[in-house]
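Q: Chain order of the listed sequences is A and B.
Take 1 as the starting number for the first sequence in the numbering used here and just add one per residue.
Take 1001 as the starting number for the second sequence in the numbering used here and just add one per residue.
Any given hint could turn out to be false.
Quick list of in silico lysine-lysine cross-link-like pairs, DSS-like style, CA-CA up to 30 angstroms [claimed, not checked]:
(1) K796(A) <-> K209(A)
(2) K747(A) <-> K706(A)
(3) K831(A) <-> K820(A)
(4) K1146(B) <-> K426(A)
(5) K1146(B) <-> K184(A)
(6) K796(A) <-> K822(A)
(7) K796(A) <-> K831(A)
(8) K646(A) <-> K426(A)
(9) K1141(B) <-> K1075(B)
(10) K1146(B) <-> K1073(B)
(11) K1073(B) <-> K184(A)
(12) K1010(B) <-> K184(A)
It is worth saying that the hints were derived from the structure and are not from the lab.
These numbers come from a predicted model, not from an experiment.
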Amino acid sequence: MESIFLIINGQKITCPSGTTIFEAAEQNGIKIPTLCYHPDLKPYGACRVCLVEDEKTGRLMASCVTPAAADMSILTDTPRILNHRRNIVRLMMAEHPESCIVCSKGNRCELRKIAADLGVGDSGLYPMPNYTPFEQLNPFITRDLSKCILCGKCIRADHELVVTGAIDYNHRGFQSRPATLYEKPLEDSICTFCGTCVSICPTGALSVKNTRYVGTPERETNSICGFCGAGCSLTMGVADQKIVEVNPSKRKISVNGATLCMRGHFANDFINSADRLTRPMLRSQTRSHDENSDDTHIPASWEDAFEIITTRLSEIKREHGPDSIAFVGSSKCSNEENFLFQKIARDIFETRNVVNGGYASGQKLLSYIDEITHGSCRVTTLSDLEDAEVIFVINSDLEQTVPVAGYHVKRAAKKGARVIVIDAFKTDLAALSSLWIRPDLSVNKQINTSDLVNALARRVVAIDSQDKDFINQYTEGFDPYIASFSNFDFQKIAEQSKLSVEIFDQAVELIKGRKVAFVIGADTLNYPDGNQLIDAVMNFSFLTGSIGAKGSGIYVPAAENNLIGAMDMGAVPDLLPGRVKIASEKDKGLDLDAFIESAESGQVKAAYIMGENLLRSLPQPDRVEAALQKLEFLVVQDIVRNRTTKIADVILPGAAVYEKYGSFTNMEGRIQTFGPVVSPPGDARADWDILAQVAKVMGHPEQYQKIEKIRQEIRRVVPMYQGLGNHQQDWIKNSETGNPFSANNTKFSFLPALPAGSETFDASYPFMAKISSPGFHLGSGTRTSRSERIQAYDRKGEIELSSADCRDLGLNGSGQVRVKSKFGTLEREFKENNRLPGGHILIPMAVNNNDAMQLVGLTSKEQSDSCGWTVSRVSIEKI
Amino acid sequence: MEPKEIDWNKLDAIIEEHRTQNWSLIPLLQEVQETCGYIPPESIEPIAEALNMYPAQVQGVITFYSGFSLKPKGKYVLKVCRGTACHVKGSRSILRYVKKELDLEEGETGEDYQFTLETVACLGACFLAPTMMVNRDYFGKLNPSKVSSVLGQYSKNKEDDG
């Protein structure tokens, strides 16, 4: 790129052409004040505070929108400029209410800071504040638009970064203010409450709403968000040893930049919940009068708790063998914790049974993809999506599961990437996609996404536009794969799904000759055709040469913060640390449903559960409860009192993400370390520290007094994580040898394409219910339901039906419905949602103690009549 | 009385016509305004969808230009000039008189949707001051009796007689 030489304040400066004067100055340490500039937003030039002067011509210009030109000589702070700047700020102040003393933005207000720097106290102008009604009905954002200075940052962040389009300027001149459509309050608009606008607002016009007074942050500390798999960098404001504010961090390199989502921004107040566990507790036979005890448990010392755990577990191991003990870890706990957890299980208690809550919701899928790609597709950088030519979204409502990944796809779409969505539901991405393939299941009644992907692949081959070089060089089994298409009747599949031939042609037209980035739901294997679907997607990726190149690959939006890390650390039944496969079937441990079955049958006698509320997150909660109650001994280590801790023999109070050291691996394969923001409540301890103590009491020779000790061991044992802890960020390593790109004889194998299985359709359960978390909850909602703001948001999680189904069922307006499946019954309010296709209903998880799980069967996918854990066949009736 | 029913078929046709065109928001809005006399708020979302814009953006453009209105207007829109020349020639009294005659304030539309009263900064016909417009017709050198006869010409009763 061409370089430009110019002079700013007498300093000689070189910058690439296209740089604005403001950026050139900033890069060279010359500060120019501004209110409307943000590095992630397009230059706008609204506030005019960044005025500078061209020495030669005397012209004044806004430096943020003026490109640097050769031989310019710029002055940034002459008396003339300062005079103009002062006048601009005076005009703003004249329109600003005199409420600085009670403004929640306080000393962090950028307008106030600039006014102070320029010495503007009294504007000396006739005050004409623009009083706009104060709006704060929703529990997240307070809008006081009388403090708005029209910098447009909120609107630009909404349009350019989050790509939602909830707000824009309305009216003109003095009346002009950011507004939603029809000037409705935010909660009635399409606003998602991601809070990006709040963090970016330079004044007190937009501020975070707190349910009670929390004070101004005394200090700020960076951390990593503990909710979904995006792994956003946060800056947390602390007052009185409590986290009172969350903003996107200003770190240069982060997944999220200036954005966050509703959960990350507003739901982290769960950490201050009154339900937090603060002391170890033991089950008591007698009622206690201690105020810290619940009805069934009494507080105990850590020493006593460790003593009981180690004695009881050792006894059970001696009596019933090591495999009578099961360890259930958590994809919400850190890498270090999961590593130590599986080590305690496998090395100290010598049991095979290690699993974690994320096994069914993504890890099985991830390890399968890793196997098929020979470890060459482990790193999937989200920012690369913005350079992708084609993004193919399958079975994933990204906007709800991993919102920040959704922003990346939406930004890519805006930049011109071809986004293809296969989904029966009109997701937000479907609405803005280049092509939305919407199978209509009213005739077929079967989920057959895999057949549709195979149909597309067949058409790519039919017009001979597969990536032949890639196929020849890196793959094998192409011919048998093509031959396997004879198992399908594609004509019939298209007809049954009510899809026209044209739509397949359009899709192929968008794909042909291009590399594809696939986004595939982490719960894919929980769909009836999940196994066929992942094979179809893998084949498609080989066919289009979409592995190993930038802007391509398989993206799996992990619903939980450390889904990948917990797997990489070996807290799964079939992998040792570093994704080393356990070869022999008999050496593999129990997965979650087998664990519950074994507890029912009495084969498993004891369990140690860390950070999982199984009675809330697993299907058929009553069955799970009965199974766990049959255990002779149950240890639950968690951060909040919940249904699972209630039946535990020993409860250990762990620490939330923001109270400990650790590291998470996000959905991209980015390993991010973090330290404590505040200390754990009461006697609660970091989970790795608790585990270290258990190991110590069990007489393990290795002492883990510092987290660094665990990291050292991980670096040694797990080559993928050799960079762990050396930097704030590192990446997991692709397998260096043994993959097709490392120039040996390994090849990607095409898998034979199989038709989606056909379940026997039972007319007594005619509807297909999809059970998924709404965006304001995460997973089963153990943490998010303890956020005061989410509680105040008070969304009922109505069962959603299409308008046609409402009509057929005689449902109008509102009321209750009863939903029945083979496994249980649920009664809830309903609402119409015309984004749903007929025959489908949507049941939001997490609300109402996650009672939706009553409708799903805790059956393994291998059972022939299983629908998986994400969908369920149901009937609906009006109450 | 209700404002004129919106002819959704016509509206849809206008929207469809502009669907694939770039930079067609303002021509589209003008056409809708022309056809319906205003831009029905319900049409914002379909327009946004057709042009691949955010509904809030479309609303922003509509409310920015005073030529667009989100409220139904009367059959006859009166624009009383409040420019300098007209002011000097007594347009304040003309406006007061019109208000009294129509029983409307500035910016208001009568319940029968016959008249909408607006003021403008200048109609560019200063030689006719004081002046006003009714839809596309100019009336100049106004005085109260002339205003009365103009209003009478457009009033409902007159139409019914005709």
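Q: Each hint needs a verdict: does it hold in this structure or not?
A: Structure-based check of each hint:
A threshold of 30 angstroms between alpha carbons decides the hint, and for K796(A) with K209(A) the separation of about 21 angstroms falls inside it, so the pair holds. In summary, the hint linking K747(A) to K706(A) is not supported, as the alpha carbons are separated by about 43 angstroms, beyond the 30 angstroms threshold. Between K831(A) and K820(A), the direct Cα distance comes to roughly 17 angstroms. Compliance with the 30 angstroms bound is thereby established for this hinted pair. The hinted pair formed by K1146(B) and K426(A) fails the criterion: a straight-line CA distance of about 60 angstroms is larger than 30 angstroms.
The suggested pairing of K1146(B) with K184(A) is violated, with an alpha-carbon distance near 44 angstroms, which exceeds 30 angstroms. Restraint check for K796(A) and K822(A): the C-alpha separation of about 24 angstroms stays at or below 30 angstroms, so the hint holds. Proposed proximity of K796(A) and K831(A) is supported: the alpha carbons are some 10 angstroms apart, at most 30 angstroms. A threshold of 30 angstroms between alpha carbons decides the hint, and for K646(A) with K426(A) the separation of about 40 angstroms lies outside it, so the pair is violated.
Distance restraint check for K1141(B) and K1075(B): the Cα-Cα separation of roughly 24 angstroms lies within the 30 angstroms cut-off, and the hinted pair is therefore satisfied. A C-alpha spacing of about 24 angstroms is found between K1146(B) and K1073(B), which places the hinted pair at or below 30 angstroms, so the restraint holds. A hinted pair counts as satisfied when its Cα atoms are at most 30 angstroms apart, and K1073(B) with K184(A) qualifies at roughly 23 angstroms. For the hint linking K1010(B) to K184(A), the alpha-carbon distance of about 28 angstroms falls within 30 angstroms, and the restraint holds.
Violated hints, listed in ascending order, are 2, 4, 5 and 8; each of the other numbered hints is respected by the structure.
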